[in-house]
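> In case you want the letters, here they are:
Number of protein chains: 2
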Amino acid sequence: MIRNKLSVIKVGGNIIDNEKQLKLFLNNFKKISGLKILVHGGGKIATKISKKLKINSEIIDGRRITDKSTLDIIAMVYAGKINKNIVSNLQSINCNAIGLSGPDGNTIEAKKRPIKKINYGFVGDITKINMELLVLLLNNEYTPVICSLSHDKKGQLLNTNADTIAASVAISLSINYDVNLFYCFEKNGVLDLIGDKKSVINHLDYIGYTKLKQKGVIDGGMVPKIDNCFDALKNGVKIVKIGSIKMINSNIPHTKIVI
Amino acid sequence: MIRNKLSVIKVGGNIIDNEKQLKLFLNNFKKISGLKILVHGGGKIATKISKKLKINSEIIDGRRITDKSTLDIIAMVYAGKINKNIVSNLQSINCNAIGLSGPDGNTIEAKKRPIKKINYGFVGDITKINMELLVLLLNNEYTPVICSLSHDKKGQLLNTNADTIAASVAISLSINYDVNLFYCFEKNGVLDLIGDKKSVINHLDYIGYTKLKQKGVIDGGMVPKIDNCFDALKNGVKIVKIGSIKMINSNIPHTKIVI
Chain A
13 MIRNKLSVIK VGGNIIDNEK QLKLFLNNFK KISGLKILVH GGGKIATKIS KKLKINSEII
73 DGRRITDKST LDIIAMVYAG KINKNIVSNL QSINCNAIGL SGPDGNTIEA KKRPIKKINY
133 GFVGDITKIN MELLVLLLNN EYTPVICSLS HDKKGQLLNT NADTIAASVA ISLSINYDVN
193 LFYCFEKNGV LDLIGDKKSV INHLDYIGYT KLKQKGVIDG GMVPKIDNCF DALKNGVKIV
253 KIGSIKMINS NIPHTKIVI
Chain B
13 MIRNKLSVIK VGGNIIDNEK QLKLFLNNFK KISGLKILVH GGGKIATKIS KKLKINSEII
73 DGRRITDKST LDIIAMVYAG KINKNIVSNL QSINCNAIGL SGPDGNTIEA KKRPIKKINY
133 GFVGDITKIN MELLVLLLNN EYTPVICSLS HDKKGQLLNT NADTIAASVA ISLSINYDVN
193 LFYCFEKNGV LDLIGDKKSV INHLDYIGYT KLKQKGVIDG GMVPKIDNCF DALKNGVKIV
253 KIGSIKMINS NIPHTKIVI
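Note that the protein sequences, when read in sequence, are chains A and B. Quick note, our numbering runs 12 ahead of the 1-based positions in the first sequence. Quick note, our numbering runs 12 ahead of the 1-based positions in the second sequence.
Source of the hints: derived by calculation from the structure; they are not laboratory data. Don't take each hint at face value.
Which copy is meant is left open, because identical chains are indistinguishable; a pair holds if it fits in one copy or across any two.
As the list claims (entries may be wrong) - Below, computed lysine-lysine pairings styled on DSS-like, alpha-carbon distance capped at 27 Å:
| hint | residue 1 | residue 2 |
| --- | --- | --- |
| 1 | Lys-123 | Lys-80 |
| 2 | Lys-165 | Lys-43 |
| 3 | Lys-35 | Lys-166 |
| 4 | Lys-56 | Lys-166 |
| 5 | Lys-209 | Lys-268 |
| 6 | Lys-32 | Lys-253 |
| 7 | Lys-80 | Lys-60 |
| 8 | Lys-17 | Lys-258 |
| 9 | Lys-166 | Lys-43 |
| 10 | Lys-165 | Lys-35 |
| 11 | Lys-80 | Lys-166 |
Quantities reported herein were computed from a predicted structural model and do not represent experimental measurements.
Please model the complete structure; the sequences and the hints are all you need to start from.
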């Protein structure tokens, strides 16, 4: 059986926050040949709207602490504003996008994270991806655009990290396809020297990652991101790369995660 | 060829605004046998959030005037908050719901309404329903939950009346199915005497409608709603009823629109 190629692309928050950057990104996304899925979270728009509505949310280790009001904002901003903005933009350039959040067709089922040292609030750890729905849509030439909102199938929406969703979707679909996973953001990859844009690491293995983590070069939200990369490679995903979306169709520097 | 039955149900804003009423409604919706589609708009939640964000929106003849900021709120509240709340609630009672807005898979394509006497702002008049997507989902046992947000396929989201969307979806799918269209709200039907809940009109034809409009008994948002009912019946929809969701599975009074 010939296996089709599938690209799972995660877009970073700083790109989403910038309308011009986002349009450029979506134009490049559109040009990717073959089957593809886009995954996105929020960025600073949720924080901005929270502030206007006088709701404060805390971030620990790159993860937002999600109380009831913050979850409400996330549902509105991720599944409403951002997802529909991305989907309508893709539709305008003839990419037949369809927006999905966790509850939609049970795309992302999760379990509320148990309270240990930190109470993350309404945060969900993924238990199941509905790959049948994604395969159905892909087979019918739709491009799923998944936002980082999950649910527990008991009526509770949950906040789930978009990087983790991208990895879980990629892993789950690697049963059906040869999956390449791309974490795209405003930089060209993981940097060896903080602030030096030219110091992109071409290949990052687990030993290298551990060293950079110890040195404090890799920290914050990059830690769970790279953990997700290794997790994906260990569980059937063929290629995992971090960098600009341009890395997919050109030879510009980027970071390839290797095991 | 045996034609399947399809129920298109529109849920009113006052039900959406009341969490308990909404749960009851969704439980009744779940019990409807055969293929079904739910259509919803917003209600007062959008207005409340607009106020908190200090955005004011005007309503003329039951239709909201939609400027850029109001459109933003509509995308967040209709496609985000309300749609995902309904979908996750349906999922929790084993109804395999999937949320859709206009841009999703190009479900509802519309044209920005030309400025005549009134400038409605970013309001869309429907030009196309993607019935192929709806049929694909229905055939695969998904229940579409459509919110009243359309797009122009040029990257612009648009606000479209939910009653009109329900009628357009019903008309468009009457090529494939025997479609029954139900406008559900907090009352038992169209009333003959304002304020008298027991005065439900059982059958309303065009002459009766015209008379009640002249008397001022039918006004505001009910006028375009009933116009949509007649439009649906003239264009292939089998049955159109207005009342409580209970009218679908029981014999309680309701208004049947007849031509």
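> None of the hints should be skipped; say for each whether it holds.
Taking the hints in turn, this is what the structure says about them:
1. Taking the shortest Cα distances, Lys-123 and Lys-80 sit within 27 Å of each other inside one copy (16 Å), while across copies they are farther apart (37 Å).
2. For a Cα distance limit of 27 Å, the shortest separation of Lys-165 from Lys-43 across copies, 18 Å, qualifies, whereas the shortest one inside one copy, 35 Å, does not.
3. Taking the shortest alpha-carbon separations for Lys-35 and Lys-166, only the inter-copy value of 13 Å comes in at or below 27 Å, while the best intra-copy value is 36 Å.
4. Within a single copy, Lys-56 and Lys-166 get their C-alpha atoms only as close as 29 Å, which misses the 27 Å cut-off; across copies the closest is 26 Å, which meets it.
5. Taking CA atoms no more than 27 Å apart as the test, Lys-209 paired with Lys-268 passes inside one copy only; the shortest distance there is 16 Å, against 68 Å between copies.
6. For the homomeric pair Lys-32 and Lys-253, the shortest alpha-carbon distance inside one copy (24 Å) is at most 27 Å, but the shortest distance between copies (47 Å) is not.
7. With identical chains, the CA atoms of Lys-80 and Lys-60 are at most 27 Å apart both within one copy (17 Å) and between copies (17 Å).
8. For the identical chains of this complex, Lys-17 and Lys-258 are intra-copy neighbours only, at 18 Å inside a copy versus 48 Å across copies, given an alpha-carbon limit of 27 Å.
9. For a Cα distance limit of 27 Å, the shortest separation of Lys-166 from Lys-43 across copies, 18 Å, qualifies, whereas the shortest one inside one copy, 39 Å, does not.
10. With identical chains, the CA atoms of Lys-165 and Lys-35 are at most 27 Å apart between copies only, with a shortest distance of 15 Å across copies and 34 Å within one.
11. When the C-alpha separation of Lys-80 and Lys-166 is checked against a cutoff of 27 Å, the pair qualifies only within one copy, where the shortest distance is 16 Å, while the shortest distance between copies is 35 Å.
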